[in-house]
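Number of protein chains: 6
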Amino acid sequence: MTLNRDARIGRSALLLLLSEEKEYQEDLISNTNWSFCEGKVGSMEAQKVVAAIETAAKNNHIIDKDLYREGHALYHAIIEALHGVTRGEVQLGSVLRTVGLTFAVLRGSPYENKAEGEWIAVALYGTIGAPVKGAEHETIGLGINHI
Amino acid sequence: MTLNRDARIGRSALLLLLSEEKEYQEDLISNTNWSFCEGKVGSMEAQKVVAAIETAAKNNHIIDKDLYREGHALYHAIIEALHGVTRGEVQLGSVLRTVGLTFAVLRGSPYENKAEGEWIAVALYGTIGAPVKGAEHETIGLGINHI
Amino acid sequence: MTLNRDARIGRSALLLLLSEEKEYQEDLISNTNWSFCEGKVGSMEAQKVVAAIETAAKNNHIIDKDLYREGHALYHAIIEALHGVTRGEVQLGSVLRTVGLTFAVLRGSPYENKAEGEWIAVALYGTIGAPVKGAEHETIGLGINHI
Amino acid sequence: MTLNRDARIGRSALLLLLSEEKEYQEDLISNTNWSFCEGKVGSMEAQKVVAAIETAAKNNHIIDKDLYREGHALYHAIIEALHGVTRGEVQLGSVLRTVGLTFAVLRGSPYENKAEGEWIAVALYGTIGAPVKGAEHETIGLGINHI
Amino acid sequence: MTLNRDARIGRSALLLLLSEEKEYQEDLISNTNWSFCEGKVGSMEAQKVVAAIETAAKNNHIIDKDLYREGHALYHAIIEALHGVTRGEVQLGSVLRTVGLTFAVLRGSPYENKAEGEWIAVALYGTIGAPVKGAEHETIGLGINHI
Amino acid sequence: MTLNRDARIGRSALLLLLSEEKEYQEDLISNTNWSFCEGKVGSMEAQKVVAAIETAAKNNHIIDKDLYREGHALYHAIIEALHGVTRGEVQLGSVLRTVGLTFAVLRGSPYENKAEGEWIAVALYGTIGAPVKGAEHETIGLGINHI
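Protein chains in written order, with my numbering: chain B, 1 to 147; chain C, 1 to 147; chain D, 1 to 147; chain E, 1 to 147; chain U, 1 to 147; chain V, 1 to 147.
Among the hints, a few may not be true.
If several chains are the same, the list does not tell them apart, and a pair holds so long as it fits within one copy or across any two.
Said to hold, decoys possible - Okay, derived cross-link-like pairs now, DSSO-like style, lysine-lysine, Cα gap no bigger than 27 Å in a straight line:
#	residue 1	residue 2
1	58	22
2	58	114
3	133	65
4	133	114
5	40	65
6	48	58
7	114	48
8	48	133
9	133	58
10	65	114
11	40	114
12	65	48
Source of the hints: derived by calculation from the structure; they are not laboratory data.
Everything numeric in this text was worked out from a predicted model, so none of it was measured.
Please construct the entire structure, taking both the sequences and the accompanying hints into account.
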């Protein structure tokens, strides 16, 4: 059940956000059988971040919107990614801070053993800080779950 | 006090870990006035992860080992990065899991306004899982602090 | 100060919620000198769950509404029970999830030594999930405090 | 994707632990196509609780011990159940407390829509308290995950 | 049930630790019907801090060592105070930090209404930091519970 | 890098709030080269507590409102202090509780080695409880950061 070095979905999801050569990254991923989507969200409300990612993943058919099973897998991956972004409390406006994030959701098979099936990675990258222009620093998060 | 797009220390620290073209990355960073170090640590004990990063940062003169002020800034950046890695409790062996991580510590000036001074980024990338070969998935963390 | 096996207030509070033979359960409890109440609450706001339980406990005279001491004991039992329901952050709508819960509050003397006095148990059982019909799974929580 | 009232795996896992008419409960479950196991663990170390449940679930073939996917699903269900038990920090001996728990792991299909597939429930019931005989009260936890 | 301004047990417990005119403080408290004790503990293990405070409170008869009810009230007050000291995770050595603390445990009646009965305050004051002489800053915590 | 016993900024910030001889305290501090401010805030919303302290610190020139670096140092000190106040979740109204706090922000040099530079202390003291007059007990918090 070794993690396939050429199929690291977390690394790929992050490089989608961090790389400036987007075509290269998207090529890389399209050469696998993975599906993915990207988007942006800025908010002081954590639930809007969750909703934006869920909506993008459903609209782009990364998950089946009619299966709770898949929504459940995605939800926990999002919340895990938010732990990396918030580093303590999964709270934004209620502790007077805001985020501006890009996100990538990637679904693929990271393990050599095919029986390990599909997994989902949610990567977040952007800024977190006070609701004042420029009073912010970078932040990142990654959540991974079986689907 | 805008974040300088060409000086995003968090993104650079992460690309150091994720990129396979290390020379490119190290070039990029050496063209700035930043200092950085990299390393690896695998453990079931969170304190060993903290110690490995602190030791590397001191030995490579990223921080001044005789100034508590700098150790304090680094410590909080490490703990924030560990939140992204652990996503809930900053615990490893005590909840029966282990990590294998690469880390980068990068010190630089990410803001256009010189008065914003130096900041430190701690990036972590690797795997987390059961203490059984292969029973693991990717994980990432980033902590940023003023120094 | 041994816990009396016939007087386990947490188990009884949970069985009140889980059992389908309510009369049996209520009999069981009425044969002790315990007092209890039951209710339902569905909300995306954790404070409404707290308020519903506090109101029911006061209106049914499980606690004395004029004694802060008793309100304090109940409040901490409720928050502890919510930890079991939320498993991480005591947050609902702010992380885009909702609950539909039944609750039981039970006050009694679970210890053989009479000097141990009265304790309060708050049990919660129901579902947690996305604010979409059916996108939910079961959840449970129990908080116990001296009163 | 409605939760089937006759197939509530969380409620069943808890009743396995709370009921005194074990045969009835085991009958109930054997009439479904669910698999389950039960056990006991007492420890001041949370990792021993995790290990005891994982070992029982593997030895009783509730999960496939060679699939990380299934181990991952179980692990998160265990940690979620421990949140209910510990109500705050998933820590035992490190905050000077100990647990004596019974546990049930149950795998089944709680949703009417067959496409929702199998889910796993981990239920915990017992006592938590100081490492002194009798200085303890009841505690409970439930974790549910798709598998 | 108003808090009596002359009977603020939390403030008094803290002043016991912070004041340099100990006699004055102890006088103040001995003029009430409160009982209290003080002590010191330095450790990288949170459980040793808990144990030191529990032992002092029992040996000085602040709580009745034979009543779990009182031990339970004290335990939660200690853990709450440790939240103030640790500010995030109630962990010391496992995240490579240590504390040197003075503590005060005070039992009294802070409310005008006599029916509110006795409450317990646990105050902590000292330093927290790396296990290196001088690499530390001040820290404080206060926990209050009904008893 | 020893902490100077005569320059304990955390202790001084707390004594500013707890002492009834304000002049004495303010004298003590004005004899150092420290700057400080005090204020009050009561709210069910944690963000209002954060905002009140930030505004006071900026208006009283404790921090430079145009430097994110200083706002970042202050923000983390405030959140750390709120951990002491809330003891678990940094949440107020969302778990149906409210605070009435006095606060002090103090900036000074607590270490003998001048190279350790300036640090900031945020002290909070007041009451926390239900949104009902008198249903509250004392609470305290302290956050310290390098600036």
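Tested hints:
Proximity of residue 58 to residue 22 under the C-alpha cut-off of 27 Å is restricted to the intra-copy arrangement: shortest distance 22 Å within a copy versus 36 Å between copies. Proximity of residue 58 and residue 114 under a CA criterion of 27 Å is satisfied in both settings, with 25 Å inside one chain copy and 20 Å between copies. In the homo-oligomer, the alpha carbons of residue 133 and residue 65 lie at most 27 Å apart only across protomers (13 Å), although the nearest pairing inside one protomer, at 36 Å, exceeds that limit. Taking identical chains as interchangeable, the C-alpha atoms of residue 133 and residue 114 lie at most 27 Å apart only when they sit on different chains, with a minimum of 17 Å there against 47 Å within one chain.
For a Cα distance limit of 27 Å, the shortest separation of residue 40 from residue 65 inside one copy, 20 Å, qualifies, whereas the shortest one across copies, 29 Å, does not. Only within a single protomer do residue 48 and residue 58 lie at most 27 Å apart by alpha-carbon distance; the minimum there is 15 Å, versus 30 Å between protomers. Taking the shortest Cα distances, residue 114 and residue 48 never come within 27 Å of each other, neither inside one copy (35 Å) nor across copies (31 Å). Proximity of residue 48 and residue 133 under a CA criterion of 27 Å is satisfied in both settings, with 20 Å inside one chain copy and 19 Å between copies.
In the homo-oligomer, the alpha carbons of residue 133 and residue 58 lie at most 27 Å apart only across protomers (16 Å), although the nearest pairing inside one protomer, at 32 Å, exceeds that limit. In this assembly of identical chains, the alpha carbons of residue 65 and residue 114 lie at most 27 Å apart whether taken from the same copy (24 Å) or from different copies (15 Å). For the identical chains of this complex, residue 40 and residue 114 are neighbours neither inside a copy (32 Å) nor across copies (29 Å), given an alpha-carbon limit of 27 Å. Proximity of residue 65 and residue 48 under a CA criterion of 27 Å is satisfied intra-copy only: 18 Å inside one chain copy versus 29 Å between copies.
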